[in-house]
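J.: Protein chains in written order, with this note's numbering: chain A, 1 to 375; chain B, 1 to 108; chain C, 1 to 112; chain D, 1 to 525.
To be clear, the hints were calculated from the coordinates, so they are not data collected in a lab. Hints may be right or wrong, so weigh each one.
Listed next, the in silico EDC-like pairs over lysine to aspartate or glutamate satisfying Cα-Cα at most 20 Å (straight line) [what the hints assert, rightly or not]: (1) D/Lys269 with C/Glu85; (2) A/Lys281 with D/Asp91; (3) D/Lys258 with A/Asp315; (4) B/Lys57 with D/Glu169; (5) D/Lys2 with C/Glu85; (6) C/Lys75 with A/Asp37; (7) B/Lys57 with C/Glu34; (8) D/Lys496 with B/Glu7; (9) B/Lys57 with D/Asp100; (10) B/Lys103 with A/Asp296; (11) A/Lys299 with C/Glu99; (12) D/Lys92 with C/Glu104; (13) D/Lys98 with C/Glu104; (14) D/Lys263 with C/Glu29; (15) D/Lys499 with B/Glu28; (16) B/Lys54 with A/Asp82; (17) D/Lys98 with C/Asp21; (18) B/Lys57 with D/Glu210; (19) D/Lys258 with C/Glu83; (20) C/Lys37 with A/Glu77; (21) B/Lys54 with C/Glu29; (22) B/Lys6 with D/Asp100; (23) C/Lys75 with D/Asp429; (24) B/Lys54 with C/Asp21; (25) B/Lys54 with C/Glu97; (26) A/Lys299 with D/Asp100; (27) C/Lys37 with A/Glu78; (28) A/Lys292 with C/Glu83.
Under 10 Å between C-beta atoms, here's a sample of chain B residues computed to sit facing chain C [claimed, not checked]: (29) Thr52; (30) Cys63; (31) Cys68; (32) Val72; (33) Asn76.
Here a beta-carbon is modelled for each residue, glycine too, at the ideal position from N, C-alpha and C.
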Amino acid sequence: MKTTAEVVIVGGGIIGCSTAYYLAKMGVDVIVLEGSDHIGNGGSSRNGGGVRQSGRDVRELPLVMYGIRNLWPTLSEELEVDCEYHQDGNLRLGKTEKHRDILTKLADSARGAGLDVRMIDGDEVRAINPYLSDEVICASWCPTDGHANPLTTTLGFYKMARRLGVTFISGECVKELRVIKGKIRQVITPNNTYEGESVLVAAGLDSREILTSVGIDIPMTKSLLECLVTEAQPHMFDQMLGTAEADFYGHQTKHGSFVFGGSSGLERYNKDNGTPVSSSKTAPCICRGIIKYFPDLAKAKIVRTWAGWMDASSDGVPSLGKVDEIPGLYVACAFNGHGFGIAPAVGEQLAKLIVTGKTDVDLSELHYDRYKAKI
Amino acid sequence: MSERIKEHPILGVQEKGKSVKFTFDGKELEGYEGEPIAAALKANGVMVHRYTRKEHKPRGIFCAIGRCTDCVMVVNGVPNVRTCITPLVEGMEVCTQYGVSAKPFEEQ
Amino acid sequence: MNSVNDRSRDIGPFVPGPDDDMLICRCEEITKGEIRKAVHDGMWTLTEIRRYLRTGMGLCQGQTCSRLVKGIVAKELGISPSELEPAASRVPMRPIEMEVFANEAPDEKEGE
Amino acid sequence: MKRYDLVIVGAGPSGLSAAIEAAKKGMKVVVFDENEKPGGQLFKQIHKFFGSKEHRAKIRGFVIGQQLLEEAGEAGVEVVLNATVIGLYQDKEVVVRKGDRVEHYKGNAVIIATGAAENMVTFPGWTLPGVIGAGAAQTMMNIHGVLPGKRVLMLGSGNVGLVVSFQLEQCGCEVAAIVDAAPRVGGYGVHAAKVARTGVPFYLSHTVVEAEGEDHVTGVTIAEIDSNFQFIPGTEKHFDVDTICVAVGLSPMSQLLKMAGCKMEDDPKRGGQVPICDPYGRTSLPGVFAAGDVAGIEEASSAMIEGRMAGIVAAEYLGYIDEEELKSELASLDEALNGLRQGMFAPQNRGKAIEKTEEGIDISESLLKNGYVADDEIEKYPGVTHKTGIHPVIECTQNIPCNPCQDACKKGCISIGSKITSLPIVVDDSECINCGMCVASCSGQAIFLVDESCQDGTATVTLPYEFLPLPEAGTKGKGLGRDGKVVCDAEVVSVKSMKAFDKTNLLTIRVPREYAMKARFFKVV
Numbered sequence: 001m002k003t004t005a006e007v008v009i010v011g012g013g014i015i016g017c018s019t020a021y022y023l024a025k026m027g028v029d030v031i032v033l034e035g036s037d038h039i040g041n042g043g044s045s046r047n048g049g050g051v052r053q054s055g056r057d058v059r060e061l062p063l064v065m066y067g068i069r070n071l072w073p074t075l076s077e078e079l080e081v082d083c084e085y086h087q088d089g090n091l092r093l094g095k096t097e098k099h100r101d102i103l104t105k106l107a108d109s110a111r112g113a114g115l116d117v118r119m120i121d122g123d124e125v126r127a128i129n130p131y132l133s134d135e136v137i138c139a140s141w142c143p144t145d146g147h148a149n150p151l152t153t154t155l156g157f158y159k160m161a162r163r164l165g166v167t168f169i170s171g172e173c174v175k176e177l178r179v180i181k182g183k184i185r186q187v188i189t190p191n192n193t194y195e196g197e198s199v200l201v202a203a204g205l206d207s208r209e210i211l212t213s214v215g216i217d218i219p220m221t222k223s224l225l226e227c228l229v230t231e232a233q234p235h236m237f238d239q240m241l242g243t244a245e246a247d248f249y250g251h252q253t254k255h256g257s258f259v260f261g262g263s264s265g266l267e268r269y270n271k272d273n274g275t276p277v278s279s280s281k282t283a284p285c286i287c288r289g290i291i292k293y294f295p296d297l298a299k300a301k302i303v304r305t306w307a308g309w310m311d312a313s314s315d316g317v318p319s320l321g322k323v324d325e326i327p328g329l330y331v332a333c334a335f336n337g338h339g340f341g342i343a344p345a346v347g348e349q350l351a352k353l354i355v356t357g358k359t360d361v362d363l364s365e366l367h368y369d370r371y372k373a374k375i
Numbered sequence: 001m002s003e004r005i006k007e008h009p010i011l012g013v014q015e016k017g018k019s020v021k022f023t024f025d026g027k028e029l030e031g032y033e034g035e036p037i038a039a040a041l042k043a044n045g046v047m048v049h050r051y052t053r054k055e056h057k058p059r060g061i062f063c064a065i066g067r068c069t070d071c072v073m074v075v076n077g078v079p080n081v082r083t084c085i086t087p088l089v090e091g092m093e094v095c096t097q098y099g100v101s102a103k104p105f106e107e108q
Numbered sequence: 001m002n003s004v005n006d007r008s009r010d011i012g013p014f015v016p017g018p019d020d021d022m023l024i025c026r027c028e029e030i031t032k033g034e035i036r037k038a039v040h041d042g043m044w045t046l047t048e049i050r051r052y053l054r055t056g057m058g059l060c061q062g063q064t065c066s067r068l069v070k071g072i073v074a075k076e077l078g079i080s081p082s083e084l085e086p087a088a089s090r091v092p093m094r095p096i097e098m099e100v101f102a103n104e105a106p107d108e109k110e111g112e
Numbered sequence: 001m002k003r004y005d006l007v008i009v010g011a012g013p014s015g016l017s018a019a020i021e022a023a024k025k026g027m028k029v030v031v032f033d034e035n036e037k038p039g040g041q042l043f044k045q046i047h048k049f050f051g052s053k054e055h056r057a058k059i060r061g062f063v064i065g066q067q068l069l070e071e072a073g074e075a076g077v078e079v080v081l082n083a084t085v086i087g088l089y090q091d092k093e094v095v096v097r098k099g100d101r102v103e104h105y106k107g108n109a110v111i112i113a114t115g116a117a118e119n120m121v122t123f124p125g126w127t128l129p130g131v132i133g134a135g136a137a138q139t140m141m142n143i144h145g146v147l148p149g150k151r152v153l154m155l156g157s158g159n160v161g162l163v164v165s166f167q168l169e170q171c172g173c174e175v176a177a178i179v180d181a182a183p184r185v186g187g188y189g190v191h192a193a194k195v196a197r198t199g200v201p202f203y204l205s206h207t208v209v210e211a212e213g214e215d216h217v218t219g220v221t222i223a224e225i226d227s228n229f230q231f232i233p234g235t236e237k238h239f240d241v242d243t244i245c246v247a248v249g250l251s252p253m254s255q256l257l258k259m260a261g262c263k264m265e266d267d268p269k270r271g272g273q274v275p276i277c278d279p280y281g282r283t284s285l286p287g288v289f290a291a292g293d294v295a296g297i298e299e300a301s302s303a304m305i306e307g308r309m310a311g312i313v314a315a316e317y318l319g320y321i322d323e324e325e326l327k328s329e330l331a332s333l334d335e336a337l338n339g340l341r342q343g344m345f346a347p348q349n350r351g352k353a354i355e356k357t358e359e360g361i362d363i364s365e366s367l368l369k370n371g372y373v374a375d376d377e378i379e380k381y382p383g384v385t386h387k388t389g390i391h392p393v394i395e396c397t398q399n400i401p402c403n404p405c406q407d408a409c410k411k412g413c414i415s416i417g418s419k420i421t422s423l424p425i426v427v428d429d430s431e432c433i434n435c436g437m438c439v440a441s442c443s444g445q446a447i448f449l450v451d452e453s454c455q456d457g458t459a460t461v462t463l464p465y466e467f468l469p470l471p472e473a474g475t476k477g478k479g480l481g482r483d484g485k486v487v488c489d490a491e492v493v494s495v496k497s498m499k500a501f502d503k504t505n506l507l508t509i510r511v512p513r514e515y516a517m518k519a520r521f522f523k524v525v
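The whole structure should be built from the sequences, with the hints applied where relevant.
T.: Here's what the structure looks like:
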């Protein structure tokens, strides 16, 4: 089994897979180590499928805008899989004046960063999506946002990277990194020691513990996010949906089913049993939320619910890029539950960074060492 | 209703609910109240419950216990109703399901 | 669980079979050939197959096809079906209307 | 949240048995079942069960179901129907859908007794309406009173395939053939024989080439397969049928246990994905138990014992009985279960080709290949004897755990002895009084009363008959052989139906003497 490569990537989620793919496209020799039994087994396959710019912090906005402009439109073709990418806009919904304030502030700052997003009133919202209830009084509307299928996209990156010669090994749970002669070199699992000139840690929540072994700390906490999916329904709408307080999101998939995520308010405190499992309280709460927004969906049947851990940072944006203190080490984690839409851009830019030392999009605001005390 | 078992050598004459009328694709049929919709349809000789979304292939009763979901139909306007475990009610409108709709594919 | 699985192991080329157009997942209408091809695209676990192709992701949630898919994937990988872990089981065990799931009975004291 | 000592999921034979035991120990028990009717598969099983008295032998499945329900009621068990358990969450929380709402329950202990689901095989046309599971056929005819089809091909010769074939005939369907890819009949020989003698052909080492039809099944082609499961060209056979019934085994319905986080394993001997658990159903999660088919495919009789075991183990877990009581109760249940797990079809013998009976007699090749014992083989078995006057002929040729025939004969004509799997013998010097109890008691319908010494050169054969219409005395027809083919003319001499026979009618036919040991079924022509 191959244990040495130019780049060793820790984490076989969409970040690891996309970075591996773009690296392999540039002719780089890569090993990807996935701790679980399945590729893309964390947030990559458990998210709501949003490919959106609106509602994001301006620090990560340039990167996601870059991806939506340059990568997403041709991704299905490139990965030879149906990513089910739809660019039909994002309605971020508000029901109260407080919501309107939140949305307006977000929209204003995003416009400042060059994004086409504007506030619309309830009637205009229903002109775009007639199924929404009268409870919705406003929304931010970003026509270039959309959604895609996280499962096929993640596994599409994996498939193509593998086809280009990337070695993927699942069931390899990385416990330790080792610096040799001042440079990152070894990646150690209970079974094997892997070696690379560069190492990218993209292991979601587990990144923190792995990086601890080389004295790097990226502060993150975990939160259990939950989603559900309905049976296939006749086609209703194509927009991505969100809310001012990010407590409800979702879309109708190409398949006809609706994927919705939502919050019970307990996600930071819900327990798991070693794998992320649904709590009994959340799905009913999500359903009550959905019915308020979409009374027509009351009789739609839920066929599946699931949970995933979110890696949350104190400021809500990821840690991304080069670890200056340790030559050869890179990180990409703490995507705060919205890593999917940004992942192709992250992968492509990280690959460029690793190979050329440069990126097209400035990543400095996402530097891992940015966390400071408040006074 | 020739497909009903009138008398069974072991089970005897099985008790039935009252006779009710319902419609299948607009046509009036009779069944017994409370029996699964699928049983009433079968007794009336209906074999095809739906046509699939991708291949437009016919499907009918398969597991008869609500597990396989192959026998789903549009009942009172709601698609994907498992007819093998949904009790028949007087006046029910039962329609062949095309994909997830009661409209034939050429009308969708 | 969590056994080292090198996805570069040679499982041979995809060879078309006479029954590749046999439908396996009745709900999502996925064929044997699609499943076999997915294995050669690197989908080596039942979870990956399911996420990649939607087998067992339809209305019945794999109640009919999971055993069939398992056999096909195992054969393609040259392993015993019992070595493949089934995909996760999730709530709800049967499809449930949103309005019903939403309608939780109020808490009552122990008993009736 | 509502809390019970014990929440049981599934009101089938194991779930109800567990509930009864636990409630008898003083526990507060609730049983949820998604079906409209309780009893699980018991209410679809209309044949008489095997085993001995303690296993409720010679009682029909649906009657056992009624008995269990009554016992559960008497013990104070709450059985909630139309209650679908949609999830088993952490902390032994069970979420149940009832009507238009969901309810949350917690059990100090939880027993999962969700049973099994049918396996499927694929063949071109397997998705056509008219291709159904054998369980679906049972549900339609025995629960809903609707014919699954008029002419049926059965795929699978295990006990389910055989029993359901017989049931199909009982409600008036024609079974065109029983087909199995295996080279030998999988189920009990007696189940096969009772179907074969009605004229159903068996095709072993055969499988379905294609189900035909545009919108629903109109026919089927089968063909013989070689040892590599490849079709042998030129062996195709076609049947005009409207239904293909698939009975190719069961898989544990263990999703709730997996969902709850129980350690699972794939054990082909137990039928697939099962919880890792001890013989009494204790899983890797404290307080979560598994009972019946969900913990390994067997049959209803053993499921009932496993259920009782789980109920008792749960009682001990919650302190309702002490360890000593637990031990003594489990010891007697162990014995009962062991009694069932004996003989040729015992779990430990699965997949083994057994060639001789425990008595050292060759197993009938014809039985395994064709579903019936050939005329020249039948005399080898100890229950088949000749004497003057009326006497029982017991065509029981495999060692299975069953002994009601021994108890049925008040005159001591039939003996099995202490080993429940032994082949019954006809006791020398015993006097048969033609009461017919043995014929009606034999769950395998393998006992006949024969009088080979009638004055006029004829013989009478009394056979079990569970079909409608019931022929009347004087009806003329044909005697069919064990292979279901016409062997001779026959006339009904008498028809006996008694409460003690429990719906097994005794048909006595008169045949020419030379057919006394050949004619085994009667058909009106």
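J.: Decide, hint by hint, whether the structure agrees.
T.: So, going through the hints one by one against the coordinates:
1. D/Lys269 with C/Glu85: 17 Å, holds
2. A/Lys281 with D/Asp91: 13 Å, holds
3. D/Lys258 with A/Asp315: Since the Cα atoms of D/Lys258 and A/Asp315 sit roughly 37 Å apart, the hinted pair is violated (cutoff 20 Å).
4. B/Lys57 with D/Glu169: 30 Å, violated
5. D/Lys2 with C/Glu85: 34 Å, violated
6. C/Lys75 with A/Asp37: 19 Å, holds
7. B/Lys57 with C/Glu34: 18 Å, holds
8. D/Lys496 with B/Glu7: Since the Cα atoms of D/Lys496 and B/Glu7 sit roughly 19 Å apart, the hinted pair holds (cutoff 20 Å).
9. B/Lys57 with D/Asp100: 32 Å, violated
10. B/Lys103 with A/Asp296: With Cα atoms ~19 Å apart, B/Lys103 and A/Asp296 stay inside 20 Å; holds.
11. A/Lys299 with C/Glu99: 6 Å, holds
12. D/Lys92 with C/Glu104: Within the cut-off at roughly 18 Å; holds.
13. D/Lys98 with C/Glu104: 10 Å, holds
14. D/Lys263 with C/Glu29: Given that 20 Å is the threshold and the Cα spacing comes to 31 Å, the pair is violated.
15. D/Lys499 with B/Glu28: 43 Å, violated
16. B/Lys54 with A/Asp82: Holds - the C-alpha atoms of A/Asp82 and B/Lys54 are around 16 Å apart, at most 20 Å.
17. D/Lys98 with C/Asp21: Between D/Lys98 and C/Asp21 the Cα gap is close to 41 Å, so the pair fails against 20 Å, i.e. violated.
18. B/Lys57 with D/Glu210: Distance ~16 Å between B/Lys57 and D/Glu210 Cα, so the pair holds.
19. D/Lys258 with C/Glu83: Holds: D/Lys258 and C/Glu83 sit about 16 Å apart, inside 20 Å.
20. C/Lys37 with A/Glu77: Distance of about 18 Å is within 20 Å: holds.
21. B/Lys54 with C/Glu29: Distance of about 7 Å is within 20 Å: holds.
22. B/Lys6 with D/Asp100: 34 Å, violated
23. C/Lys75 with D/Asp429: With Cα atoms ~61 Å apart, C/Lys75 and D/Asp429 exceed 20 Å; violated.
24. B/Lys54 with C/Asp21: OK: B/Lys54 and C/Asp21 at ~14 Å, within 20 Å.
25. B/Lys54 with C/Glu97: 24 Å, violated
26. A/Lys299 with D/Asp100: Distance ~11 Å between A/Lys299 and D/Asp100 Cα, so the pair holds.
27. C/Lys37 with A/Glu78: Roughly 18 Å separates the two Cα atoms, so the pair holds.
28. A/Lys292 with C/Glu83: Violated: A/Lys292 and C/Glu83 sit about 45 Å apart, past 20 Å.
29. Thr52: This hint holds: B/Thr52 lies near chain C, its Cβ roughly 6 Å from the closest one there, short of 10 Å.
30. Cys63: 7 Å, holds
31. Cys68: 5 Å, holds
32. Val72: 7 Å, holds
33. Asn76: 13 Å, violated
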